[in-house]
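A.B. asks: For reference, the chains in residue letters:
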Amino acid sequence: MVQRKNLSRGPPQSRAATKCEKLDIDNIIVCFSSMLSLAIFTLFGTCLAQEATKKYSQYTPAELSELGLVERLKLYPWTLEMISVGFISVYFVSYYVGSRYNDKLVNKFINTNLELLKEQFYQVGVTRSQLLAKDDAENYSFYATGRLNIESLTAKIKLQPRQNIFVWIMESLLSFFIDSASSTKDVVDLVFQIDKEASTKYDDFIWAIVSKDNMNSIRNENYFLSLTRTAESAKLPLEFVFMNEVPEMNEVLYHKKFNSILEKCKGFLSFIAITDQPAEKPELVADLVKSKRIVVQMKIPQSSADLEASNELLKFLLNDFIEYVISKGFFIGELNRRPKKTRENELAKLKKVEETLKKEELANKKLEEQKKQKASMSAEKQRKLEKKQLERKQRRNTQKVRQ
Amino acid sequence: MNPAVSNLVLMLGMMQVSRKLDFEDPTILLYVRILYVSCTLLTLGVYLYTRWLIIKKNDLTTFKYLEPPNTLQGETESKLTVTTVKDYDLKQLQGAIKGVFTGVAMMGFMHLYMKYANPLLMQSISPLKGAFESNLVQIHVFGKPASGDLKRPFQASAGLFGGFGNQQQKTDKASIEKAEISGVGGIKEE
Chain A
1 MVQRKNLSRG PPQSRAATKC EKLDIDNIIV CFSSMLSLAI FTLFGTCLAQ EATKKYSQYT
61 PAELSELGLV ERLKLYPWTL EMISVGFISV YFVSYYVGSR YNDKLVNKFI NTNLELLKEQ
121 FYQVGVTRSQ LLAKDDAENY SFYATGRLNI ESLTAKIKLQ PRQNIFVWIM ESLLSFFIDS
181 ASSTKDVVDL VFQIDKEAST KYDDFIWAIV SKDNMNSIRN ENYFLSLTRT AESAKLPLEF
241 VFMNEVPEMN EVLYHKKFNS ILEKCKGFLS FIAITDQPAE KPELVADLVK SKRIVVQMKI
301 PQSSADLEAS NELLKFLLND FIEYVISKGF FIGELNRRPK KTRENELAKL KKVEETLKKE
361 ELANKKLEEQ KKQKASMSAE KQRKLEKKQL ERKQRRNTQK VRQ
Chain B
1 MNPAVSNLVL MLGMMQVSRK LDFEDPTILL YVRILYVSCT LLTLGVYLYT RWLIIKKNDL
61 TTFKYLEPPN TLQGETESKL TVTTVKDYDL KQLQGAIKGV FTGVAMMGFM HLYMKYANPL
121 LMQSISPLKG AFESNLVQIH VFGKPASGDL KRPFQASAGL FGGFGNQQQK TDKASIEKAE
181 ISGVGGIKEE
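One line per chain: the protein sequences are A and B, in this order. Numbered per the working numbering, the first sequence spans residues 1 to 403. Numbered per the working numbering, the second sequence spans residues 1 to 190.
Treat the hints loosely; a few may be bogus.
Simulated crosslink set (DSSO-like; lysine-lysine; CA at most 27 Å straight-line) [to be verified]:
(1) A:K349 / B:K178
(2) A:K266 / B:K57
(3) B:K79 / A:K264
(4) A:K118 / A:K74
(5) A:K156 / A:K388
(6) B:K56 / A:K290
(7) B:K178 / A:K290
(8) B:K56 / A:K185
(9) A:K374 / A:K393
(10) A:K349 / B:K86
Facing chain B, according to a computed beta carbon distance under 10 Å, are these residues of chain A, among others [to be verified]:
(11) K212
(12) D213
(13) E323
If you want the ones that stay clear, here's a sample from chain B, every Cβ over 10 Å from chain A, calculated [as the list claims (entries may be wrong)]:
(14) L8
(15) Q16
(16) S38
(17) K64
(18) T83
(19) F101
(20) E133
(21) V184
It should be emphasised that the hints constitute simulated quantities derived from the structure, not laboratory data. On a predicted model such as this, the values are computed, not experimentally measured, just so you know. Even glycine gets a Cβ: it sits at the ideal position worked out from N, Cα and C.
When you get a sec, could you build the whole thing from the sequences and use the hints?
C.D. replies: So, in structure tokens, the structure goes:
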């Protein structure tokens with residue numbers, strides 16, 4: 001063993017030496033990573049070379065201090081450092097590649113639709129000079145404003161954490177084994193906020209076309225969809241269902257262009273919804289602010305066919321559908337009554353919750369006041385009060401028994 | 001035969017067999033290990049094949065049912081599930097695959113850490129039997145019609161001791177109508 005290792009001492013060192021010369025020749029263009037690998041190589045070489053003779057830990061401090069700096073560095077076992085530096089560099093490279101990939105996905109989607117958006121909106125982009133806001137490596141926001149009937153268009157894009165490879169792997173594994181851990185997906189949420197004037201022109205109702213895949217989780221994630229009934233329809237492509245408050249609305253709101261567009265978008269579209277209710281379940285009456293919106297959720301389109309279909313969908317929404325809804329979306333009779341009733345019911349529920357909360361608070365306050373009173377009284381008075389309360393309780397109990 | 005009864009018979013039979021085997025003998029141990037690994041892989045294979053069949057069939061018929069409330073998590077109202085046959089089957093199948101992995105983890109602990117070899121034999125046969133008896137494999141691989149006991153949503157089998165306190169899923173129209181517009185979605189999670 002010893003002999004073989006001694007023999008192998010030669011090559012690694014000499015290899016390192018030639019590399020070092022090379023380094024001297026073109027040291028200007030040497031980037032960080034190649035230097036790193038070189039360093040690892042040299043150190044690894046020296047490690048191998050020294051292993052056979054005497055280990056670093058076998059030297060006494062006095063002996064070590066006698067050696068020169070270079071000798072000591074050569075002697076030191078660098079494995080732990082190499083592993084950690086290796087990990088860090090893998091992380092850096094994967095971060096770079098992953099976040100670039102995410103950027104590319106978002107840019108492709110926005111660029112496909114940019115021309116259309118510029119035609120439709122006065123201001124396209126989060127500020128005048130900036131198109132996209134990159135919140136972090138997986139969250140992007142987009143904004144456009146300045147169009148008839150639409151207050152704003154916001155797009156929230158949430159991608160998979162590709163930049164953080166360890167988190168990415170962990171999340172995908174966890175989502176398989178634990179139901180509550182949401183699986184990672186590339187989701188685009190588009191919200192067309194209808195402006196105040198146009199909002200008054202049509203009724204409050206919820207009407208949606210939802211993709212059948214994962215529709216239960218879509219219903220669970222969006223409060224407004226959980227107020228609707230789900231129904232299959234012969235009008236729709238097989239991959240979609242209606243979720244609406246009144247089925248008869250389909251006759252009016254199902255635009256004739258929908259069929260061909262849905263057919264093209266079935267690979268990535270999650271839902272299109274007209275709503276006046278929030279996506280998050282309101283917990284107080286104050287949360288129940290009506291804001292009319294048209295919401296579109298999809299997986300980010302990646303193939304060129306899907307990108308084109310997404311463009312067609314947006315074109316349809318902006319050119320036809322939004323104005324169509326505003327002009328046709330008012331109903332009379334039963335069609336109008338049912339949505340109103342749902343809203344009244346929900347409001348009543350919230351009020352009930354708030355009332356019980358208030359009652360609890362009052363009761364708590366009373367208790368605290370009593371405690372304070374007790375604390376301020378003298379010992380004798382406290383005893384008297386307790387006696388009184390006990391008597392009162394007993395009287396009440398006896399009354400109950402008599403009854 | 002009732003799966004619960006046949007399971008019991010199988011267990012007793014395997015116990016007799018495992019009593020005859022000498023698990024100290026390394027060759028026997030090796031064979032038992034090979035049997036366990038191959039049976040587990042076969043079980044997984046059956047499930048994955050079913051999964052492939054489900055996706056290929058792509059049955060998008062929608063149906064609704066009420067899930068009984070999870071009293072352990074303090075839920076009081078039953079929750080409506082709106083799903084397609086494909087989604088439902090895939091979810092059930094994922095549960096089954098998860099079960100296989102849990103079994104492997106348990107077995108790993110018992111065999112590698114506690115050094116028990118007996119359960120290897122039992123655990124190699126019974127998951128495979130379970131896989132072939134599962135509703136999804138019956139429907140998709142053996143082509144049995146999805147009616148009667150195999151009607152979706154699948155009811156949990158009562159087992160030997162009868163399902164006490166075991167609430168069943170509801171599919172009647174009245175309770176579904178009521179639960180459907182109850183507005184329980186979109187609850188913000190912290």
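A.B. asks: Each hint: holds or not?
C.D. replies: Verification of the supplied hints:
Restraint check for A:K349 and B:K178: satisfied, since their Cα atoms lie roughly 15 Å apart, inside the 27 Å limit. A distance of roughly 17 Å separates the Cα atoms of A:K266 and B:K57; the hinted pair therefore holds under the 27 Å criterion. Under the criterion of a C-alpha separation no larger than 27 Å, the hint pairing B:K79 with A:K264 is inconsistent with the structure, at around 33 Å. Straight-line distance between C-alpha atoms of A:K118 and A:K74 comes to about 63 Å, which puts the hinted pair past the 27 Å bound.
This hinted pair does not check out: A:K156 and A:K388 have alpha carbons roughly 64 Å apart, beyond 27 Å. For the suggested pair B:K56 and A:K290, the alpha carbons sit about 43 Å apart, so the restraint of at most 27 Å is broken. For the hint pairing B:K178 with A:K290, the CA-to-CA distance comes to about 24 Å; that is within 27 Å, so the pair holds. With a C-alpha separation of about 22 Å, the suggested pairing of B:K56 with A:K185 holds against the 27 Å cut-off.
A distance of roughly 18 Å separates the Cα atoms of A:K374 and A:K393; the hinted pair therefore holds under the 27 Å criterion. For the hint pairing A:K349 with B:K86, the CA-to-CA distance comes to about 35 Å; that exceeds 27 Å, so the pair is violated. Taking 10 Å as the C-beta cut-off, the interface hint given for A:K212 holds, the closest approach to chain B being about 5 Å. At a threshold of 10 Å, the smallest CB-CB gap from A:D213 to chain B is about 7 Å, leaving the interface hint in force.
Taking 10 Å as the C-beta cut-off, the interface hint given for A:E323 is violated, the closest approach to chain B being about 28 Å. Distance to chain A confirms B:L8 as a non-interface residue, since its nearest Cβ pair spans about 30 Å, more than 10 Å. The Cβ of B:Q16 lies farther than 10 Å from every Cβ of chain A, with a closest approach of about 36 Å, so its non-interface assignment holds. At the 10 Å boundary, the C-beta of B:S38 stays outside the reach of chain A, the nearest C-beta of that chain being 23 Å off.
Non-interface call for B:K64 relative to chain A: violated, since the shortest CB-CB distance, roughly 7 Å, does not exceed 10 Å. The non-interface label for B:T83 is inconsistent with chain A: the shortest C-beta to C-beta separation is roughly 5 Å, within 10 Å. At roughly 7 Å, the least C-beta separation between B:F101 and chain A is not larger than 10 Å, which violates its mark as non-interface. Distance check for B:E133 against chain A: the nearest CB is about 24 Å away, which clears 10 Å, and the non-interface claim stands.
Not every Cβ of chain A is farther than 10 Å from the Cβ of B:V184; the closest lies at roughly 5 Å, contradicting the non-interface assignment.
The structure fails to meet hints 3, 4, 5, 6, 10, 13, 17, 18, 19, 21 from the earlier list, while all remaining hints are met.
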